[in-house]
Amino acid sequence: MRYIEQEKVVRRMNGRMIVNRIFQGLFMFATALALLALVILLYRIVSQGAGHLSLDFLINFASRFPAEAGIKAALVGSIWLMAVVAPTSMILGVGSAVYLEEYAKKGRITSFIQMNIANLAGVPSVVFGLLGLTIFVRTLALGNSVLAAGFTMSLLILPVIIVAAQEAIRSVPGELRDASYAMGATRWQTIVRIILPAAIAGILTGSILALSRAIGETAPLIVIGIPVIIQFLPAGVMDTFTALPMQIYDWSSRPQAEFQTVAAAGIIVLMVVLLFMNSVAVFIRNKFDKSY
Amino acid sequence: MRTSVQEMIAKSKDKKSKKIIEKLIPVLLFLIASVSVLTTIGIILTLIIETLTFFTRVPFTDFIFGTTWLPFSNTEARFGIWPLIIGTLKITGIAIIVAVPIGISAAIYLSEYASDNVRRVVKPVLEVLAGIPTIVYGFFALTFVTPVLQSFFPEIKIFNAISPGIVVGIMIIPMIASLSEDAMSSVPKSIRDGALAMGSTKFEVAWKITVPAALSGIIASVVLGLSRAIGETMIVSLAAGSTPKFDGDFTGSIQTMTAYIVQVSKGDAGYGTTIYYSIYAVGFTLFLFTMAMNILAGYMSKRFREEY
Amino acid sequence: MNTATIKTKINVAKSIPTEQAVKESVYSTRQLNLWYGNNHALKNIDLEIEENEVTAIIGPSGCGKSTYLKTLNRMVELVPSVKTSGEIHYRGRNIFDANYGVEELRTRVGMVFQKPNPFPKSIYDNIAYGPRIHGIKNRKILDEIVEKSLRGAAIWDEVKDRLNENAYGISGGQQQRICIARTLAIEPDVILMDEPTSALDPISTLKIEELVQELKEQYSIIIVTHNMQQAARISDKTAFFLNGEVIEYDRTDTIFSNPADKRTEDYISGRFG
Numbered sequence: 184m185r186y187i188e189q190e191k192v193v194r195r196m197n198g199r200m201i202v203n204r205i206f207q208g209l210f211m212f213a214t215a216l217a218l219l220a221l222v223i224l225l226y227r228i229v230s231q232g233a234g235h236l237s238l239d240f241l242i243n244f245a246s247r248f249p250a251e252a253g254i255k256a257a258l259v260g261s262i263w264l265m266a267v268v269a270p271t272s273m274i275l276g277v278g279s280a281v282y283l284e285e286y287a288k289k290g291r292i293t294s295f296i297q298m299n300i301a302n303l304a305g306v307p308s309v310v311f312g313l314l315g316l317t318i319f320v321r322t323l324a325l326g327n328s329v330l331a332a333g334f335t336m337s338l339l340i341l342p343v344i345i346v347a348a349q350e351a352i353r354s355v356p357g358e359l360r361d362a363s364y365a366m367g368a369t370r371w372q373t374i375v376r377i378i379l380p381a382a383i384a385g386i387l388t389g390s391i392l393a394l395s396r397a398i399g400e401t402a403p404l405i406v407i408g409i410p411v412i413i414q415f416l417p418a419g420v421m422d423t424f425t426a427l428p429m430q431i432y433d434w435s436s437r438p439q440a441e442f443q444t445v446a447a448a449g450i451i452v453l454m455v456v457l458l459f460m461n462s463v464a465v466f467i468r469n470k471f472d473k474s475y
Numbered sequence: 010m011r012t013s014v015q016e017m018i019a020k021s022k023d024k025k026s027k028k029i030i031e032k033l034i035p036v037l038l039f040l041i042a043s044v045s046v047l048t049t050i051g052i053i054l055t056l057i058i059e060t061l062t063f064f065t066r067v068p069f070t071d072f073i074f075g076t077t078w079l080p081f082s083n084t085e086a087r088f089g090i091w092p093l094i095i096g097t098l099k100i101t102g103i104a105i106i107v108a109v110p111i112g113i114s115a116a117i118y119l120s121e122y123a124s125d126n127v128r129r130v131v132k133p134v135l136e137v138l139a140g141i142p143t144i145v146y147g148f149f150a151l152t153f154v155t156p157v158l159q160s161f162f163p164e165i166k167i168f169n170a171i172s173p174g175i176v177v178g179i180m181i182i183p184m185i186a187s188l189s190e191d192a193m194s195s196v197p198k199s200i201r202d203g204a205l206a207m208g209s210t211k212f213e214v215a216w217k218i219t220v221p222a223a224l225s226g227i228i229a230s231v232v233l234g235l236s237r238a239i240g241e242t243m244i245v246s247l248a249a250g251s252t253p254k255f256d257g258d259f260t261g262s263i264q265t266m267t268a269y270i271v272q273v274s275k276g277d278a279g280y281g282t283t284i285y286y287s288i289y290a291v292g293f294t295l296f297l298f299t300m301a302m303n304i305l306a307g308y309m310s311k312r313f314r315e316e317y
Numbered sequence: 012m013n014t015a016t017i018k019t020k021i022n023v024a025k026s027i028p029t030e031q032a033v034k035e036s037v038y039s040t041r042q043l044n045l046w047y048g049n050n051h052a053l054k055n056i057d058l059e060i061e062e063n064e065v066t067a068i069i070g071p072s073g074c075g076k077s078t079y080l081k082t083l084n085r086m087v088e089l090v091p092s093v094k095t096s097g098e099i100h101y102r103g104r105n106i107f108d109a110n111y112g113v114e115e116l117r118t119r120v121g122m123v124f125q126k127p128n129p130f131p132k133s134i135y136d137n138i139a140y141g142p143r144i145h146g147i148k149n150r151k152i153l154d155e156i157v158e159k160s161l162r163g164a165a166i167w168d169e170v171k172d173r174l175n176e177n178a179y180g181i182s183g184g185q186q187q188r189i190c191i192a193r194t195l196a197i198e199p200d201v202i203l204m205d206e207p208t209s210a211l212d213p214i215s216t217l218k219i220e221e222l223v224q225e226l227k228e229q230y231s232i233i234i235v236t237h238n239m240q241q242a243a244r245i246s247d248k249t250a251f252f253l254n255g256e257v258i259e260y261d262r263t264d265t266i267f268s269n270p271a272d273k274r275t276e277d278y279i280s281g282r283f284g
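Chains as they are written, first to last, in the numbering used here: chain A, 184 to 475; chain B, 10 to 317; chain C, 12 to 284.
Calculated from the structure, these hints are not laboratory results.
Computed from a predicted model, the values in this text were never measured in an experiment.
All C-beta atoms in this analysis are idealised placements derived from N, C-alpha and C, irrespective of residue type, glycine included.
Treat the hints with caution; some may be incorrect.
FRET-style restraints, in silico, Cβ to Cβ [claimed, not checked]:
#, chain 1, residue 1, chain 2, residue 2, range
1, A, Gly290, B, Pro156, 55 to 65 Å
2, B, Asp202, C, Arg104, 53 to 63 Å
3, A, Ala301, C, Glu98, 44 to 54 Å
Isolated chain A, as found in the complex (with noise of 0.2 Å):
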């Protein structure tokens, strides 16, 4: 007797044909979908806010009246964010990331810093916003100045530049090392010389991309106090300021309807610089894209 029968086999066939069908159909239209809520997303932002854009919304401060409010405040601010944010972070990020892959040995405290990075990476925005408002706005008595929202984005996106640096410093061929070692090199030599300028690229992408994750962040900011209305620009890292999301933030949160416009406006300037600085990183991995 035979357990299969070929008749049957190919009548049922038909079946799990179609059910395969429906199936790979449904899989592409929930894709679709995820696609589809990006381009609404993107399309009503630019329609809304495109034809508030014009150079004096660039240089005009905010105002109370939606005609008149500009952007210069939250786009100079954000730049002073990011003067802070980018050495601060890549210096301790890429410090780390060095330290644990060149000098740790690897045993329970490297796991535990590993560990403790990883669930770092995991803690809400908001709670950060918390340290930042004990630690560095009262504590220290940094205020709500650039140094203390610098200080706390920084430490937000420190778990990101140390993984990414890792992986960077992880994918620089071991017979460099060697190669240099064997030169009679110190190990801090062949660091400076070899490891960090191999790696430098996927140092400087991963950077790039969590300073953009830091650009966009709002809620720390708002829970260390930064305030929305300035018309003046920060003369040092000292000064207090504002930034590109509490800016938009504000705008979003006013009942006039003409506001929504003004904060679309702000949200198309902020996707530009995040454009702006995903292309670098983009740029930056192709032209250093090197094959060892």
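Following the hints, position chains B and C against chain A.
Frame of chain A, contents of chains B and C only:
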């Protein structure tokens, strides 16, 4: 000049400084690497100390068992956390209902059906979706999703749980999709080929082989998505309102834990007031929730990695 | 055959050669043992390696030949969980001495690896790397060193017009000679070569072999090779390693024509390995 280079090397003066650098650098880098640990300790200590101050003013049991959250009342302030937790759960629930089917479907499509070309286009687009600041999503929820929902269901208010819930869901789709896809595509190709060679359809392979094999990885991605939804702040601050409610209503204004922290921070709750300390108590609760999720996700994905 | 007889044979082999007696020994290894964790990779190695000769180390995969080579400049210590006992004297000084810096040792002992591993830098910067890290900064002197080293590695004519190009733009054989030139730039005393031609085509291999013959006028060369013909062609002495032990060490022509040990004979006649 047989030995001249070696002689020059021997004469070179930076030997001593080299030795000092080699001793100093590891110490310095260790200090730098400990910043991430200090950050965690700082977060936990900050939350614990300020929360303890809060509990000297509001009884602990009132906080964790109370079902009324009325912090701004002058006469009878009440700090029962449950309305905020319920608000958070409403948003998270809707987000998961949106994100899990779409995210996992997209993952299955990308790992099992899509051609390399499609994948090359879709994955970066999902990355873009993941890179959009939450404030932008919040604006989208408030000015687009809510009005659209209202046109179908007029009973939905301008601030509600549904619209931000859906948008939080959209926000976490890329995360669930890409982590699930990673899990599925790390299922060995040989297993898949084996099933295909028996005459299985792609759907049968996906449903009976890949998904079960990658299940703990997929669950980990969902749990991480949950954690992200719980901690999401700006979307709910903009679109969900600020009415802490202990009920099952989704159509009206609610408040989440994160939105409460923002509401207080925005206002002028003076330093040292009970309201000021209450944001730490709420933050601590939020921290415990997300931490539990993260540890669970870490455990699941570790189990997944051990299987392959 | 018990180990005692093997030992006597080795000792006999080591003391016999007469014309070598005048040459000074660069490396003398005494009772060297090495473990990777619990794996006993080198067992009681005793070897004398002499000046201005090419010493080949042969043996099947996993016999410890590369490990031994990497022990000579202590590169093996980069592998975690390595333990050693015994002594290796380089020019009369034990390299395991606490106050013998590895950097100092490696400045005197160069190494060429199995796979060409130039740095992702220009050819010039590759060659100048060694002098620079050891504190030579004068551009004129560096220029001289670069030219001399590239000439020494017989690749000057091929690359003199493209010194500023990335070293990855040239062929594998050329890359390997760049790596040799990089080693020559700090004018080492000894050059260790770890299967330097195993990743190369026959013509590039031939060029490297010729180069080794020239270099031995000035340098002592220790070369690990899995290619017995290569050992026979270029070396003066050959050591046969098996399972972490030195089975036989003698003049290359003796090893290949009249090996004392059955296992050496089996190996070189291709019966295993």
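Hints violated by the structure (listed by number, smallest first): As far as the earlier hints go, not one is violated by this structure.
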